Every structure is written in structure tokens, then in C-alpha cells.
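Trainee: Sequence:
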Amino acid sequence: MSTATIRELRTSFPKIRARLDREGEVIITDRGKAAFVLRAYVERPKKAKPQPDYYARLMSYSRGRMATQAEIDALDQANRGDR
Numbered sequence: 005m006s007t008a009t010i011r012e013l014r015t016s017f018p019k020i021r022a023r024l025d026r027e028g029e030v031i032i033t034d035r036g037k038a039a040f041v042l043r044a045y046v047e048r049p050k051k052a053k054p055q056p057d058y059y060a061r062l063m064s065y066s067r068g069r070m071a072t073q074a075e076i077d078a079l080d081q082a083n084r085g086d087r
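Plus 4 on top of the position in the sequence shown (first one is 1) and you've got this note's numbering.
For the record, the hints were derived by calculation from the structure and aren't laboratory data. Since this is a predicted model, take the numbers as computed values, not measurements. Please note: incorrect hints may appear among the correct ones.
Here are the simulated DMTMM-like pairs of lysine to aspartate or glutamate, each with C-alpha atoms no more than 20 Å apart in a straight line [said to hold, decoys possible]: (1) K37 to E12; (2) K19 to D34; (3) K19 to E29.
Restraint ranges, calculated between C-beta atoms of paired labels, are given here [unchecked claim]: (4) G36 to D57: 53 to 61 Å; (5) I32 to D57: 46 to 54 Å; (6) A52 to I76: 33 to 41 Å; (7) I76 to R43: 29 to 37 Å; (8) A52 to I32: 29 to 37 Å; (9) A44 to R11: 20 to 28 Å; (10) A44 to T15: 19 to 27 Å.
All C-beta atoms in this analysis are idealised placements derived from N, C-alpha and C, irrespective of residue type, glycine included.
Hey, can you work out the whole structure from these sequences and the hints?
Mentor: Pasting the structure below:
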């Protein structure tokens, strides 16, 4: 692991980049104290989550027909309990 100053980073980045490629990590110092770690970015592969089809699931529950207002009211009343 090598070190470089902020000034070197601004003025001679290609040399710092070569060090980064060679060593994998460069510590950037600010006024003699280690301030930052410079590493090459490695992109992680994205895992696509399958999205559920909520409409298809709703239709499978209702067998393709919509509930009547009386059925909706009865369900509301059953869910209330003793309130």
C-alpha cells in the first residue's frame, strides 16, 4: 500500500492511478495524516427480484368477479369483531 498527498492526486493522477492498478489501494494524506483510502470501484452484479403480479393474485382469489357491496359490508362487519 502506498501513500500520496492530495496535491499529488491533483497534479499527477495518472501516476497515482498506475500505483492503484499495481497495488490495489492508495492512502491519500492531508497535511501528513492519512485521510482517505483510494480503491478501484468494483460493481456488484445486480440481482433482480421477481415482482409479484398482485392483480393476477387478486383475480385468482375472486375467480374473476368483483365483490358486491353487500359482500364488502359483510366482510367489514366480520372484521370489526366486538367493537
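Trainee: Are the hints correct? Go through all of them and say.
Mentor: A quick look at each hint next to the structure:
Distance check on the hinted pair: K37 and E12 sit about 14 Å apart at the alpha-carbon level, within 20 Å; holds. Note on K19 and D34: the hinted pairing holds, with a Cα-Cα distance of about 18 Å set against a maximum of 20 Å. Proximity of K19 to E29 is assessed by CA-CA distance (about 13 Å); at most 20 Å being required, the pair is judged to hold. Taking 53 to 61 Å as the suggested C-beta distance range, the pair G36 and D57 conforms, at roughly 60 Å.
Separated by about 49 Å at the C-beta atoms, I32 and D57 satisfy the suggested range of 46 to 54 Å. Here the CB-CB span from A52 to I76 is close to 36 Å, well matched to the stated 33 to 41 Å. Between I76 and R43 the C-beta distance comes to about 58 Å, which lies outside the given range of 29 to 37 Å. A hinted range of 29 to 37 Å for the beta carbons of A52 and I32 is consistent with their spacing of about 36 Å.
In this structure the hint that A44 and R11 lie 20 to 28 Å apart at CB holds, the actual value being about 22 Å. The supplied range of 19 to 27 Å is met by A44 and T15, whose beta-carbon atoms lie about 21 Å from each other.
The structure fails to meet hint 7 from the earlier list, while all remaining hints are met.
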